[in-house]
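A.B. asks: Residues per chain, in single letters:
Number of protein chains: 2
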Amino acid sequence: MKLAIAGYGNLGKCLEQQIYKNKKDELVAIFSRRTLDNPKYLPIEDIEKYPDIDVLLLALGSYSDIEKYSDKFVNFDTVDTFDTHAKIDGYKAELQRTKPDKISVISTGWDPGLLSIARGLFCFDNAKTVTVWGSGISQGHSNAIRTIDGVIDAVQFTEPKPDYGTLIKNGETDGRKLHKRVCYVAAVESDKKNIEHTIKTMPDYFEEYETEVNFVSSKEVRELKKRTSHSGRTVSLGNGFESETQVKMQSNADFTASIMLRYANAIPRLKLDGYKGALDVFDIPMKYIAVRNLI
Amino acid sequence: MKLAIAGYGNLGKCLEQQIYKNKKDELVAIFSRRTLDNPKYLPIEDIEKYPDIDVLLLALGSYSDIEKYSDKFVNFDTVDTFDTHAKIDGYKAELQRTKPDKISVISTGWDPGLLSIARGLFCFDNAKTVTVWGSGISQGHSNAIRTIDGVIDAVQFTEPKPDYGTLIKNGETDGRKLHKRVCYVAAVESDKKNIEHTIKTMPDYFEEYETEVNFVSSKEVRELKKRTSHSGRTVSLGNGFESETQVKMQSNADFTASIMLRYANAIPRLKLDGYKGALDVFDIPMKYIAVRNLI
Numbered sequence: 031m032k033l034a035i036a037g038y039g040n041l042g043k044c045l046e047q048q049i050y051k052n053k054k055d056e057l058v059a060i061f062s063r064r065t066l067d068n069p070k071y072l073p074i075e076d077i078e079k080y081p082d083i084d085v086l087l088l089a090l091g092s093y094s095d096i097e098k099y100s101d102k103f104v105n106f107d108t109v110d111t112f113d114t115h116a117k118i119d120g121y122k123a124e125l126q127r128t129k130p131d132k133i134s135v136i137s138t139g140w141d142p143g144l145l146s147i148a149r150g151l152f153c154f155d156n157a158k159t160v161t162v163w164g165s166g167i168s169q170g171h172s173n174a175i176r177t178i179d180g181v182i183d184a185v186q187f188t189e190p191k192p193d194y195g196t197l198i199k200n201g202e203t204d205g206r207k208l209h210k211r212v213c214y215v216a217a218v219e220s221d222k223k224n225i226e227h228t229i230k231t232m233p234d235y236f237e238e239y240e241t242e243v244n245f246v247s248s249k250e251v252r253e254l255k256k257r258t259s260h261s262g263r264t265v266s267l268g269n270g271f272e273s274e275t276q277v278k279m280q281s282n283a284d285f286t287a288s289i290m291l292r293y294a295n296a297i298p299r300l301k302l303d304g305y306k307g308a309l310d311v312f313d314i315p316m317k318y319i320a321v322r323n324l325i
Numbered sequence: 031m032k033l034a035i036a037g038y039g040n041l042g043k044c045l046e047q048q049i050y051k052n053k054k055d056e057l058v059a060i061f062s063r064r065t066l067d068n069p070k071y072l073p074i075e076d077i078e079k080y081p082d083i084d085v086l087l088l089a090l091g092s093y094s095d096i097e098k099y100s101d102k103f104v105n106f107d108t109v110d111t112f113d114t115h116a117k118i119d120g121y122k123a124e125l126q127r128t129k130p131d132k133i134s135v136i137s138t139g140w141d142p143g144l145l146s147i148a149r150g151l152f153c154f155d156n157a158k159t160v161t162v163w164g165s166g167i168s169q170g171h172s173n174a175i176r177t178i179d180g181v182i183d184a185v186q187f188t189e190p191k192p193d194y195g196t197l198i199k200n201g202e203t204d205g206r207k208l209h210k211r212v213c214y215v216a217a218v219e220s221d222k223k224n225i226e227h228t229i230k231t232m233p234d235y236f237e238e239y240e241t242e243v244n245f246v247s248s249k250e251v252r253e254l255k256k257r258t259s260h261s262g263r264t265v266s267l268g269n270g271f272e273s274e275t276q277v278k279m280q281s282n283a284d285f286t287a288s289i290m291l292r293y294a295n296a297i298p299r300l301k302l303d304g305y306k307g308a309l310d311v312f313d314i315p316m317k318y319i320a321v322r323n324l325i
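Protein sequences appear in the order of chains B and A.
If you read the first sequence in this note's numbering, its first letter stands for residue 31, the second for the next number, and so on.
If you read the second sequence in this note's numbering, its first letter stands for residue 31, the second for the next number, and so on.
Hints may be right or wrong, so weigh each one.
It does not matter which identical chain is used: a pair holds within one copy or between any two.
[Stated by the list, open to error] Here are the simulated SDA-like pairs of lysine to any residue, each with C-alpha atoms no more than 20 Å apart in a straight line:
1. Lys278 to Thr161
2. Lys122 to Gly195
3. Lys191 to Val212
4. Lys98 to Glu253
5. Lys32 to Asp55
6. Lys54 to Gly268
7. Lys301 to Arg63
8. Lys79 to Asp119
9. Lys70 to Phe245
10. Lys53 to Phe245
11. Lys102 to Gly120
12. Lys117 to Ser100
13. Lys54 to Cys153
14. Lys158 to Asn52
15. Lys53 to Glu75
In case anyone wonders, no lab produced these hints; they're calculated from the structure.
The structure displayed is predicted, hence computed values, not measured ones.
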């Protein structure tokens, strides 16, 4: 299969490495938003000139960049990690409208993605499902901060509140009450007050969370970004049962990349079976990403 | 929806109770293999006389009974819990051949079933997945023992081997090496030697396991059967990640029944979307059994 990558941040680099390592697929192009000296990296504006791509892997920040470039992707089958839970339905409808005959696998990764399916598994009437993440960097939230004027660099750690276990046992199911969002931001001095306000009032991302904003140096942000490990667990409590799915990973971006590639590899079979349009992880049967003997 | 139940053991009774409790669907008939005094329970041989059933829930023992009566079910959409992992493909192919235009949702329950999907989630190249069950009764294995001549009653507990944690850490991935199958059998005295041999050499069910056969009284079997709790956990270890899904339930049959009903409720929507034939849990997207906001 001929793969291409759009976006060359952490996730794009992990995708590149894995495609080379797996030796299953051919990496035909990497498109970057930045101008890079190496001719291997093509400007994303030119992506429409390269029709010979089976699946385009979107490794852009989900909030603004995917929307910014979305008209460039209408002729490609894509896999992305769009991760704003509250906006997935709208994003899906838009892709369904603009590229109804292409396959767009949206919102893959581990959450949304694999943990979404784990939540779905134990979705019984009257069961309560709670997901707790971290401690780890949220790329989507870090990217969202970096789009704010005056921000030089930023990283956001999602952390469970110290007493999250007690909160869940006492009936708390609102994830916004179980987590803290800790932001480390390098910024232009005069913009700091405005930046803090913009972060704390950003809908979906921060507005409804306990959010801590720490202004630090660019060097400190760079150091903090090296912490790549992450984890998540989803707990369901129902009538007569309890379940928990947890996953821990050394590198969030690397794990996310490996999930994207599983969905990318499903696309030829999905097409053969008549699938088209925008598909999320709830639309795609397990048989397309898992080996049958695991049943 | 008009539901009917075939088989009136533990699972059938749990299905009956839940359908009444849920008040979503109508229970139009219960078909039993035994002759029961109550006219509410119809003989399973007559099932073809009742065409006005939307979904028939098969609550029979999977090994012999489903196959024994399968020609009676060809005109119904069905949900079953066929649980012989090694025979699922053959069973599926047979249903696909005999009732290609009906929907047969096979091998639901928590394993195979929900835990199958949990295994599929973390099915990365080079990852190892191990599932450990119990301690708890395996209905399928208990039923299999009860089909042997001379057996009056029986119950089988699946137990993790005491050192299963160490075994997995040391690389053991073969579930047959991680569990013990402990059978309690009430039997005709003269058949005991033959029964023990038949159990221990039964393919797929016992042959490749450490199997312990204890002959006890019928009263003791009845007491042991009251232990309804069960649990399972599936662990995946891969490059840079580890995951675990575990589920504990107070009543195995009750939990299984609630899973069957989720798949039964999916059938009208599956039909609308063009699905037909034999479908297992790897064929059915999560959207049919889970609410969308869990993505």
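A.B. asks: Decide, hint by hint, whether the structure agrees.
C.D. replies: Here is how each hint holds up against the structure:
1. Lys278 to Thr161: For lysine 278 and threonine 161, the Cα distance is within 20 Å both inside one copy (14 Å) and across copies (18 Å).
2. Lys122 to Gly195: Neither: 34 Å inside a chain and 43 Å across chains, both beyond 20 Å.
3. Lys191 to Val212: Within one copy only: 11 Å inside a chain, 43 Å across chains, cut-off 20 Å.
4. Lys98 to Glu253: For lysine 98 and glutamate 253, neither the intra-copy (29 Å) nor the inter-copy (66 Å) Cα distance is at most 20 Å.
5. Lys32 to Asp55: Cα proximity of lysine 32 and aspartate 55: one copy only (6 Å, versus 49 Å across).
6. Lys54 to Gly268: between (42 Å within a copy, 18 Å between copies)
7. Lys301 to Arg63: neither (29 Å within a copy, 45 Å between copies)
8. Lys79 to Asp119: neither (30 Å within a copy, 45 Å between copies)
9. Lys70 to Phe245: neither (36 Å within a copy, 72 Å between copies)
10. Lys53 to Phe245: neither (43 Å within a copy, 56 Å between copies)
11. Lys102 to Gly120: This pair counts as within: shortest intra-copy Cα distance 19 Å, inter-copy 46 Å.
12. Lys117 to Ser100: Intra 15 Å, inter 46 Å, cutoff 20 Å: intra-copy only.
13. Lys54 to Cys153: between (36 Å within a copy, 17 Å between copies)
14. Lys158 to Asn52: The answer is between: 17 Å across copies meets 20 Å, while 39 Å in one copy does not.
15. Lys53 to Glu75: neither (28 Å within a copy, 57 Å between copies)
Comparing the model with each earlier hint shows violations of hints 2, 4, 7, 8, 9, 10, 15; every other hint is respected.
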